[in-house]
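Asks: Sequence:
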Amino acid sequence: LVPGKINKIQQISDTEILFTIRAGSTNYKLMISAHSTYNRIHLTNRTYHTMDIPSSFVMVLRKHINGAIKKD
437 LVPGKINKIQ QISDTEILFT IRAGSTNYKL MISAHSTYNR IHLTNRTYHT MDIPSSFVMV
497 LRKHINGAIK KD
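Using my numbering, the first residue of the sequence shown is number 437, and each one after it goes up by one.
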């Protein structure tokens with residue numbers, strides 16, 4: 437995933453966020469869960485249904501890191 441560009445940030449539940457990262461010519465989905473019992477970070481191929489109205493936290497993430505490029 438390095439170097440990679442964050443193309444999309446989506447909220448898939450109250451505790452899970454999905455980042456779409458473009459590295460090379462491939463899109464990767466990085467799912468981050470902050471659930472109290474099932475917390476995890478992993479790459480996934482699943483298609484998730486996103487929330488209709490994102491939280492203010494996701495809006496702040498979109499504002500500050502959407503389009504960011506990971507170089508290291």
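To be clear, the hints were calculated from the coordinates, so they are not data collected in a lab.
Any given hint might turn out to be false.
Below, simulated SDA-like cross-link-like pairs (lysine to any residue); rule was C-alpha separation at most 25 Å, straight line [said to hold, decoys possible]:
1. Lys507 - Ser449
2. Lys506 - Thr473
3. Lys465 - Gln446
4. Lys507 - His471
5. Lys465 - Ser492
6. Lys499 - Glu452
7. Lys465 - Pro439
8. Lys507 - Thr473
9. Lys444 - Thr456
10. Lys444 - Met495
11. Lys506 - Arg458
12. Lys465 - Ser491
13. Lys441 - Glu452
14. Lys441 - Tyr464
15. Lys499 - Val438
16. Lys441 - Thr486
17. Lys507 - Thr486
18. Lys507 - Met495
19. Lys465 - Pro490
20. Lys507 - Asp450
21. Lys506 - Met495
22. Lys499 - Thr473
23. Lys507 - Ser491
24. Lys465 - His500
25. Lys441 - Thr473
26. Lys441 - Ile453
27. Lys507 - Met487
28. Lys444 - Arg458
29. Lys444 - Asp488
30. Lys465 - Leu437
31. Lys441 - Thr456
32. Lys441 - Leu466
33. Lys507 - Ile489
34. Lys507 - Tyr474
35. Lys444 - Pro490
36. Lys441 - Ser472
Asks: Hint by hint, note whether the structure agrees.
Replies: Hints versus structure:
Among the hinted pairs, Lys507 with Ser449 is inconsistent with the structure: their alpha-carbon atoms are about 29 Å apart, more than 25 Å. Our distance criterion of 25 Å between C-alpha atoms is broken by Lys506 and Thr473, whose separation comes to about 29 Å. Only pairs whose Cα atoms come within 25 Å are accepted, and Lys465 paired with Gln446 is accepted, the gap being roughly 10 Å. Straight-line distance between C-alpha atoms of Lys507 and His471 comes to about 29 Å, which puts the hinted pair past the 25 Å bound.
With a C-alpha separation of about 21 Å, the suggested pairing of Lys465 with Ser492 holds against the 25 Å cut-off. For the given pair, Lys499 sits about 18 Å from Glu452 by alpha-carbon distance, which is consistent with the 25 Å threshold. Pair hint Lys465 plus Pro439 holds up; C-alpha atoms about 15 Å apart against a cutoff of 25 Å. Proximity of Lys507 to Thr473 is assessed by CA-CA distance (about 32 Å); at most 25 Å being required, the pair is judged violated.
Simply put, Lys444 and Thr456 have alpha-carbon atoms about 5 Å apart, close enough for the 25 Å limit, and the pair holds. Taking the CA atoms of Lys444 and Met495, the gap is near 11 Å; set against the 25 Å cutoff, the hint holds. As the CA atoms of Lys506 and Arg458 are separated by approximately 10 Å, the hinted pair is consistent with the 25 Å bound. Distance check on the hinted pair: Lys465 and Ser491 sit about 20 Å apart at the alpha-carbon level, within 25 Å; holds.
Simply put, Lys441 and Glu452 have alpha-carbon atoms about 20 Å apart, close enough for the 25 Å limit, and the pair holds. The straight-line distance between the Cα atoms of Lys441 and Tyr464 is roughly 10 Å, inside the 25 Å bound, and the hint therefore holds. Annotation: proposed proximity of Lys499 to Val438 holds, straight-line Cα distance about 22 Å (limit 25 Å). With a C-alpha separation of about 21 Å, the suggested pair Lys441 and Thr486 falls inside the 25 Å cut-off, and the hint holds.
In summary, the hint linking Lys507 to Thr486 is not supported, as the alpha carbons are separated by about 28 Å, beyond the 25 Å threshold. A distance of roughly 24 Å separates the Cα atoms of Lys507 and Met495; the hinted pair therefore holds under the 25 Å criterion. Between Lys465 and Pro490 the alpha-carbon distance is near 18 Å, which keeps this suggested pair within the 25 Å criterion. For the suggested pair Lys507 and Asp450, the alpha carbons sit about 30 Å apart, so the restraint of at most 25 Å is broken.
Distance check on the hinted pair: Lys506 and Met495 sit about 20 Å apart at the alpha-carbon level, within 25 Å; holds. For the suggested pair Lys499 and Thr473, the alpha carbons sit about 29 Å apart, so the restraint of at most 25 Å is broken. The straight-line distance between the Cα atoms of Lys507 and Ser491 is roughly 28 Å, outside the 25 Å bound, and the hint therefore fails. As the CA atoms of Lys465 and His500 are separated by approximately 19 Å, the hinted pair is consistent with the 25 Å bound.
Between Lys441 and Thr473 the CA atoms are separated by roughly 30 Å; this puts the pair beyond 25 Å, and the hint is violated. A C-alpha spacing of about 16 Å is found between Lys441 and Ile453, which places the hinted pair at or below 25 Å, so the restraint holds. Taken as a hint, the Lys507 and Met487 pair is broken in the structure, with Cα atoms around 30 Å apart against an allowance of 25 Å. Proximity of Lys444 to Arg458 is assessed by CA-CA distance (about 9 Å); at most 25 Å being required, the pair is judged to hold.
The suggested pairing of Lys444 with Asp488 holds, with an alpha-carbon distance near 15 Å, which does not exceed 25 Å. For the hint linking Lys465 to Leu437, the alpha-carbon distance of about 10 Å falls within 25 Å, and the restraint holds. Note on Lys441 and Thr456: the hinted pairing holds, with a Cα-Cα distance of about 8 Å set against a maximum of 25 Å. A hinted pair counts as satisfied when its Cα atoms are at most 25 Å apart, and Lys441 with Leu466 qualifies at roughly 12 Å.
A threshold of 25 Å between alpha carbons decides the hint, and for Lys507 with Ile489 the separation of about 31 Å lies outside it, so the pair is violated. Annotation: proposed proximity of Lys507 to Tyr474 is violated, straight-line Cα distance about 29 Å (limit 25 Å). Pair hint Lys444 plus Pro490 holds up; C-alpha atoms about 13 Å apart against a cutoff of 25 Å. Distance restraint check for Lys441 and Ser472: the Cα-Cα separation of roughly 29 Å exceeds the 25 Å cut-off, and the hinted pair is therefore not satisfied.
In terms of the numbered hints stated before, the structure departs from hints 1, 2, 4, 8, 17, 20, 22, 23, 25, 27, 33, 34, 36, listed from lowest to highest.
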